[in-house]
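**Q** My request is simple: use the sequences and hints to build the entire structure.
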Amino acid sequence: MFLIRAACLLLCVLCLAACDRLPQSYPPPEQRQPVAGFNPGPDAMMVSMEDSDADPVIVKDIYPGTGIPWRWTKQEPTVKVLVFSTESVKFSADFAIWDDSFKTTGPLEISFLVNGKLLDKIRYTTPGKKHFEKPVPADWLAGNTEATVALSVDKLYIAPRSGDEYGVILSRLGLKP
Amino acid sequence: MMHVLPILFGALFTLATAWSLGMLLLRNLAPSFDAWERRLLAFIAGSACLSEIMFALSAAKLVHRGVLLAVGLASIGYAAYSGALRSPGKAFEPLGLLWRWVFIAVFAGLTWYAFFNALAPEHSSDGMAYHLSEVSIYQHAHGFPRITNDVYANLSQGIELLYLFAFDFGRHSAAALVHYAFLIALVFLVLSYGRRIGRPAVGVAGAIFTYTCPVVLRDATTAYIDVALAAVLFALFYLLQVWDESRDPKLIVPIGILAGFGYAVKYTAFLALPYAVGFVVWKLWRARKPLLGPVLVIGLSAAVMILPWMLKDWIEVANPFAPLANRVFPNPYAHISWEDEWRSYLSTYGLHSRWQIPLEATVKGGQLEGFLGPSFLLTPLALLALRFREGRQLLLAGLVLGSTYFSNVGTRFLIPVVPFISVALALAVANLPWLLLALVAANVITCWPAVYGRYCTPGAWQIYELPVKAALRLQSEDAYLSRDPDYNIVRMMGRVVPPGGRIFAIGQNGTSYLPRELLIGYRSAANEVMQDILLTPLVRDYQPALSLKFDFPAREFRKLRVVQKGSEPEDQWSMAELRIFEGPNELPRDPGWRLTAHPNPWEVQMAFDNSPVTRWRSWQPASPGMYVEVDFPRPQPASSVTVEASDEMVNTKIRLEGMGMDGQWSTVSDHPVISAHPILSSLRMAAIAELKTRGIQYVLIHPGDFGADDFLRYPAAWGLRLAGEENGTRLYRIR
Numbered sequence: 001m002f003l004i005r006a007a008c009l010l011l012c013v014l015c016l017a018a019c020d021r022l023p024q025s026y027p028p029p030e031q032r033q034p035v036a037g038f039n040p041g042p043d044a045m046m047v048s049m050e051d052s053d054a055d056p057v058i059v060k061d062i063y064p065g066t067g068i069p070w071r072w073t074k075q076e077p078t079v080k081v082l083v084f085s086t087e088s089v090k091f092s093a094d095f096a097i098w099d100d101s102f103k104t105t106g107p108l109e110i111s112f113l114v115n116g117k118l119l120d121k122i123r124y125t126t127p128g129k130k131h132f133e134k135p136v137p138a139d140w141l142a143g144n145t146e147a148t149v150a151l152s153v154d155k156l157y158i159a160p161r162s163g164d165e166y167g168v169i170l171s172r173l174g175l176k177p
Numbered sequence: 001m002m003h004v005l006p007i008l009f010g011a012l013f014t015l016a017t018a019w020s021l022g023m024l025l026l027r028n029l030a031p032s033f034d035a036w037e038r039r040l041l042a043f044i045a046g047s048a049c050l051s052e053i054m055f056a057l058s059a060a061k062l063v064h065r066g067v068l069l070a071v072g073l074a075s076i077g078y079a080a081y082s083g084a085l086r087s088p089g090k091a092f093e094p095l096g097l098l099w100r101w102v103f104i105a106v107f108a109g110l111t112w113y114a115f116f117n118a119l120a121p122e123h124s125s126d127g128m129a130y131h132l133s134e135v136s137i138y139q140h141a142h143g144f145p146r147i148t149n150d151v152y153a154n155l156s157q158g159i160e161l162l163y164l165f166a167f168d169f170g171r172h173s174a175a176a177l178v179h180y181a182f183l184i185a186l187v188f189l190v191l192s193y194g195r196r197i198g199r200p201a202v203g204v205a206g207a208i209f210t211y212t213c214p215v216v217l218r219d220a221t222t223a224y225i226d227v228a229l230a231a232v233l234f235a236l237f238y239l240l241q242v243w244d245e246s247r248d249p250k251l252i253v254p255i256g257i258l259a260g261f262g263y264a265v266k267y268t269a270f271l272a273l274p275y276a277v278g279f280v281v282w283k284l285w286r287a288r289k290p291l292l293g294p295v296l297v298i299g300l301s302a303a304v305m306i307l308p309w310m311l312k313d314w315i316e317v318a319n320p321f322a323p324l325a326n327r328v329f330p331n332p333y334a335h336i337s338w339e340d341e342w343r344s345y346l347s348t349y350g351l352h353s354r355w356q357i358p359l360e361a362t363v364k365g366g367q368l369e370g371f372l373g374p375s376f377l378l379t380p381l382a383l384l385a386l387r388f389r390e391g392r393q394l395l396l397a398g399l400v401l402g403s404t405y406f407s408n409v410g411t412r413f414l415i416p417v418v419p420f421i422s423v424a425l426a427l428a429v430a431n432l433p434w435l436l437l438a439l440v441a442a443n444v445i446t447c448w449p450a451v452y453g454r455y456c457t458p459g460a461w462q463i464y465e466l467p468v469k470a471a472l473r474l475q476s477e478d479a480y481l482s483r484d485p486d487y488n489i490v491r492m493m494g495r496v497v498p499p500g501g502r503i504f505a506i507g508q509n510g511t512s513y514l515p516r517e518l519l520i521g522y523r524s525a526a527n528e529v530m531q532d533i534l535l536t537p538l539v540r541d542y543q544p545a546l547s548l549k550f551d552f553p554a555r556e557f558r559k560l561r562v563v564q565k566g567s568e569p570e571d572q573w574s575m576a577e578l579r580i581f582e583g584p585n586e587l588p589r590d591p592g593w594r595l596t597a598h599p600n601p602w603e604v605q606m607a608f609d610n611s612p613v614t615r616w617r618s619w620q621p622a623s624p625g626m627y628v629e630v631d632f633p634r635p636q637p638a639s640s641v642t643v644e645a646s647d648e649m650v651n652t653k654i655r656l657e658g659m660g661m662d663g664q665w666s667t668v669s670d671h672p673v674i675s676a677h678p679i680l681s682s683l684r685m686a687a688i689a690e691l692k693t694r695g696i697q698y699v700l701i702h703p704g705d706f707g708a709d710d711f712l713r714y715p716a717a718w719g720l721r722l723a724g725e726e727n728g729t730r731l732y733r734i735r
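Chains A and B are the protein sequences, given in the same order. Numbering of the first sequence is given in the working numbering, commencing with residue 1 and proceeding in unit increments. Numbering of the second sequence is given in the working numbering, commencing with residue 1 and proceeding in unit increments.
No lab work stands behind these hints: they were computed from the structure. Predicted model, so just to flag it, every value in this text is computed and none were measured. All C-beta atoms, glycine included, are put in the ideal place defined by N, C-alpha and C. Some clues are possibly wrong.
Said to hold, decoys possible - Using C-beta positions, here's what the derived DEER-type ranges look like:
{"hint": "1", "chain 1": "A", "residue 1": "Q31", "chain 2": "B", "residue 2": "F552", "range": "23 to 29 angstroms"}
{"hint": "2", "chain 1": "B", "residue 1": "P6", "chain 2": "A", "residue 2": "Q31", "range": "53 to 59 angstroms"}
{"hint": "3", "chain 1": "A", "residue 1": "D139", "chain 2": "B", "residue 2": "K565", "range": "32 to 38 angstroms"}
**A** Spelled out as structure tokens, the structure:
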């Protein structure tokens, strides 16, 4: 009986020792300062076809890279970019129309799309290097979210032997602040 | 080959120590037992004693190899010196020739598979994720460190403490071997039970049903704990049956110990104590014998096993039943919503209907993580055993001890009732020996590892190989384990992260091989908060897109609080910021303010930290009366209050209350003006900055994690740099 009493007493003491009321109210914490987004630089929203890390942002219709600074596209090469700023943002694309394919396709009409919306449509009547740049309306974009940027080529060159389809030779595509 | 020796030593030394302690405990009970059943029961009861000793050593931070050696040698030495290791007592009649050879053949064949699987490097899912992960932490800390960021560390760990004893000598595989030893003990206990009731064929058949059960065999060869629990509960049943025959009062103490040890092994066995008490009370009441003494002794013996775990949890995480019962014992370490979701998942495992359970649990095993074998479809036949007293006892015990199954419908949670069903099934057809033999033969064939792969769901938890080379370490542990993707990820983290580095991951297994601190998203309240922060930039519903403004004539307040009016069973209430204004100017947050909330006062500061990625959340369904409150140190003039919150409907059903100089609460405004709240800063960078503030240096992202693509595409926008990659899983270092 003594042992039982002693054990009960010990348990009560242990239980009391365990009582440690958790605080229920707190002072205001250290105030966080707004975190400026990382300094993106002028090319942060551009996708360069020579970059090895371009693959994750390619959505469709761009052939795999081979270590050279351009890649062939199909009909609607599309990339995703993270929009850091919505003000004064321009669509920007550097591409080329191959001389030999141009002989087959003739002039190309290329549409420029942001989030599926048509920004512009241009008819290219000569082959060679091209650069397109045009402001994107601010309300087409939302900050800190992804946007899709795409070209849409009206005619494709079909390789005679393989039957593969080719649009344009793409170097860079995206948005510029 | 030499690498096997420490493993075998660790396991055998643990088993010998436990057995010696048990033989000391049962030494005065010789007349009640056959020599073999005494040895078997001694191992189980001694395991409880060793576990308790390990608890004391862990609490005192005395888990050192020298101390464990001393404990083991002293236990073995004293038991030998005192003569406790001798096993006097009557001996059962020898088994008949047929059943003896049936048992030997099946036992030898399956042991060949099981032993090498247990000895092979341990790579079970839960074994690596927490059973041995916690053991590894305890070993490094030489006892219990206070762990508040892993709910699994708050479960009772009676068997894990035996693993800790073995782990110190032989690491992971020694622990798995200890678990396997419980299966051997269980199988022989079942066999002994059949012999004790005068039906040796039933004992053999029951033992074979238990041993061949695929989920039992798989579980026992890993560092899980379910088979050990089954052995403890069957031993408890066994002792009660022996006590019922002998009424030896000395059996009451081991009965109490085992009843309590069930809880110490696994919460789901909490019914062992009421079962034992109920059994003894019923028998004594019918015999018109005194009840109080035996009940008190059982209760106290069980309390010795149970209370340490409750006290540990109470002291460490303010909840004696942690990580359960968080509504009754609210605490900052586990969210109620987590418990609700956990329980909800465990009660279905994603099954559409509980009618799927019989086939899933016996034949398929894909969704319920293991299968019992087709023979257990015959479980209803076991009801025929009700015509025997022993059958009624077995089925009653199985019913009581298995009644917690629907709280977790994983097949493993049926393992504790497998021996009861096995013996009852054998007993049901015992009067037809040819049928019993046919059942045994069918069971052995369908449950043989080389056969069941033909019918179970591919990938169901099972023994699927005989890793002799790996077991004998003729193949290196690393080479064997590297077949496991989780292990490779862990190895990658170990290579990349320096000692002391802290990693956050939304999910990851295999941490028992990780010598670094890994905080996993769902495993504690603090971790869930970090996960919430990390996902806020990716989930629009988490972002503070709304501003709710309460305008009112300027006056002085002692306290202000925003109160929830709505009731949303599916939604939680959250608040990113609460700002108080006097005129056009926001009041600076005075260090003298006292902030509180109901529920979850512990995270209230996140509504006052000026960060768009942190928020106070109720972490339970929103209900009227919840509030977030500011107590001013002096009368405070104010004219408006703004709440920034996500645009979920529940966040708009709020009112503002104030306590004036008269000390009375009154409604200040019931209708906030709602407007869009532009988010101007970079949420990604802010989220990572918050993790950094919480001591995180690395973030692990699996390909299947929510938002994995965003991390992959824009690591720079998060402020992360890729530090390592393994099979698509990426480890980022916070810049």
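**Q** If a hint holds in the structure, say so; if it does not, say that too.
**A** Hint by hint, here is what the structure shows:
1. Checked against the hint of 23 to 29 angstroms, the pair Q31 of chain A and F552 of chain B passes, with Cβ atoms roughly 25 angstroms apart.
2. Checking the proposed 53 to 59 angstroms range against P6 of chain B and Q31 of chain A shows it holds: the Cβ atoms sit about 55 angstroms from each other.
3. Look at D139 of chain A against K565 of chain B: about 35 angstroms separates their beta carbons, and that is inside 32 to 38 angstroms.
Checked against the numbered hints above, the structure violates none of them.
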